[in-house]
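Trainee: Letter by letter, the chains look like this.
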Amino acid sequence: MPLVSLTGLSVAFDGAPALRGIDLSVAKGEAVGLVGESGCGKSVTWLAALGLLPPKARITGSVMLEGQELIGAPASILEKVRGGRIAMIFQDPASSLNPVHRIGKQITEALALHRKMVGQAARSEAKRLLDLVGIPDATRRLDAYPHELSGGQNQRVMIAIALAGQPELLVADEPTTALDVTIQAQILELLKDLRRHMGMTLVLISHDLGVVADSCERVAVMYAGRIVEEAPISRLFSAAAHPYTQGLLGALPPMDGPRRRLAAIPGGVPEPWAMPPGCAFAPRCAHRVAACDAGVPGLIPLAASHRVACLQVAQMPIPRESVPA
Amino acid sequence: MKPGGALLEAEGLVRRYAMRRGIMGRAVEVRAVDGVSLKLERGRTLGLVGESGCGKSTTGRLVLGMETPDAGRVSFEGATMPQPGSAAWRKLRARMQMVFQDPLGALDRRLPIATQVAEPLDIHNIGAVSERAARVEALLRAVGLRPDQGALYPHELSGGQRQRAVLARALATDPALLVCDEPISALDVSIQAQVMNLLLDLQEQFGTSMLFVSHDLRAVRQVSHRVAVMYLGRIVEEGEPDAVLHDPAHPYTRALVSAIPHPGRMGQRMVLQGDPPNPADRPSGCAFHPRCPVANSLCAREAPVLKPRADGRLIACHVAHGEVAAGHGFTGQEAA
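Those sequence lines, one after another, are chains A and B. With the first letter of the first sequence counted as 1, position 50 gets the number 50 in our numbering; the numbers rise by one all the way through. Converting from the second sequence to our numbering requires adding 1000 to each position, the first position being numbered 1.
Since the hints were made in silico from the structure, they are not lab data. Take the hints with a grain of salt, since some may be wrong.
What the hints assert, rightly or not - Stretches of chain B that chain A covers, calculated by requiring three or more beta carbons in the stretch to come under 8 Å of a beta carbon on chain A: (1) 1244-1256; (2) 1307-1319.
Unchecked claim - Under 7 Å between C-beta atoms, here's a sample of chain B residues computed to sit facing chain A: (3) Q1194; (4) Q1222; (5) A1259; (6) P1261.
Fair warning: this is a prediction, and the values are worked out from it, not measured in the lab. We treat Cβ as the ideally placed atom computed from N, Cα and C, and that holds for glycine.
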């Protein structure tokens, strides 16, 4: 049984759809990447699953956590899940941390909430967590305020707080986007180490295929509120089947080989209140035929654990075998 | 215009700021740019790469005269840059334009796009008033916008279209130099590709020289003819983009290159210890030595000079130049 499975998860704000039926399951110990451009719904998916969206969001579908339905679950259940079984970290650590409380207090708060730890026990556990996430001089850092730490260190603190509840699943939403490249590398290595040592399940949300390729085994590509392709990471880079995924790969400047013109996808993402009738990508797609506008294509299996939502996939040459470096 | 010949030369640029820590704190001197020299040829692009706080944006502002250097000089088209703020400088500014990261912040939300694109023509009094509408149309077409989109306000355009509008405005005065400060970082991946393609097209069409400031080595390779890597206010390596990317010589460049996430990575990534240093508390000797895996005792004492290797690559590193054997670094020691 998967750890989490989403079925037909849909979200609408004021009648405008943000998510339009997400089916995704995450197995225990797995690292799954969720890739897409701004507004594609990759963050909303997990905010909806954890009941973190404002009341005006209309949520339908199902999110099962080992047999427990989370959509519409009472607050008492959700509060145990949030931070306890599923923890989430966000892009900007500085705005996730409370600027007027010391680091140590913010970690022990999570320990008291999820593990009923208080006093000296909580403080020494907080120190252990800071050591674990690689903050030097942890004892002294417990008394520091967030502004005294760098962006990378604050993100480590956020990860320590997330780990305080001993979650089975960590959802990292663009955890390195606000950080410099060398610091991004440090945080990605840290997430890998934590997975190795704790067997934690990871969902990594990112706009950067490179970041996901580096840390995940499987990836789901999202476009306009739906998953358009799902594949093991190596397969996605060697045999991307959806025109949008191919477009994303073509838009990435290569690291070697001759400098070619980038294959930019024309146009922009559709607005939620003006969704195309059929495939949402059709207006930007070079392979569009009349049938694409007739209905929203579902995910069809292409190979082992490779699914794609495109009517034209049978007609398309599966591109390049080589992995772009 | 054929490429070749220096359009812009900067020598020994220094920019210091005074920073106060706390209300009662003493003012500390921060050297944002600490002796940067660069040369940009006509019709070419120089990529300036580095992490936040390395001084790459300040360098971009210095070469335009938007900030006055505390030392060093800038020459443009062979002549020394006039005093910033002077009439001669203002006249020269039509020949060099800036493109910023956030197009929404760079545009006036209360004016339609076409009015904003026409503004530089009015300011610099370029062309007859009757011809300006046609010029604006041509500019919008050149950046891939439709002339009728000129009637729209910034909020009615997408992020990529806004950056096109900013480029159209920057190109209005037919500048010889564009300084692009992170022009694609705020855009989605597929839109980044559109803007990079556009920059290359515009360069081909108008022969514009570009200073492309970015933290993204991939993007820099895509658009630049040369790349300079900055660390804490200094250029630490400079050369052809492919050469620098495939065979980085400075340990910092090596770390930057190895930090680029990409599939099919061979071997272990080189992860730097510690954070980028505080410019207000600049390490002695080579500023990179506290994070450098091969630093030796000389590196902590003496700052290396940027000078050419046998193959012409400019590097500022004692170890890369063979002046000292590779050490084991100071990471994990008190030096950090």
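Trainee: For the stretch 1307-1319 of chain B, count the residues whose Cβ lies under 8 Å from any Cβ of chain A; is that count three or more?
Mentor: That given contact is violated, which follows from only 0 residues of the stretch 1307-1319 of chain B lying within Cβ reach (below 8 Å) of chain A.
Trainee: The hint names A1259 (chain B) as touching chain A; please verify it with the least Cβ-Cβ distance against 7 Å.
Mentor: holds, 4 Å
Trainee: Against chain A, is P1261 (chain B) within 7 Å by beta-carbon distance?
Mentor: holds, 4 Å
Trainee: Does the CB of Q1194 (chain B) sit less than 7 Å away from some CB of chain A?
Mentor: holds, 4 Å
Trainee: Go through the hint on Q1222 (chain B) and say holds or violated, using the shortest Cβ distance to chain A against 7 Å.
Mentor: holds, 4 Å
Trainee: Holds or violated: the stretch 1244-1256 of chain B covered by chain A, criterion of 3 or more residues with Cβ-Cβ distance under 8 Å?
Mentor: Coverage by chain A holds here, the residue count being 4 at a Cβ distance below 8 Å.
In the structure shown, a violation is registered for the earlier hint numbered 2 alone.
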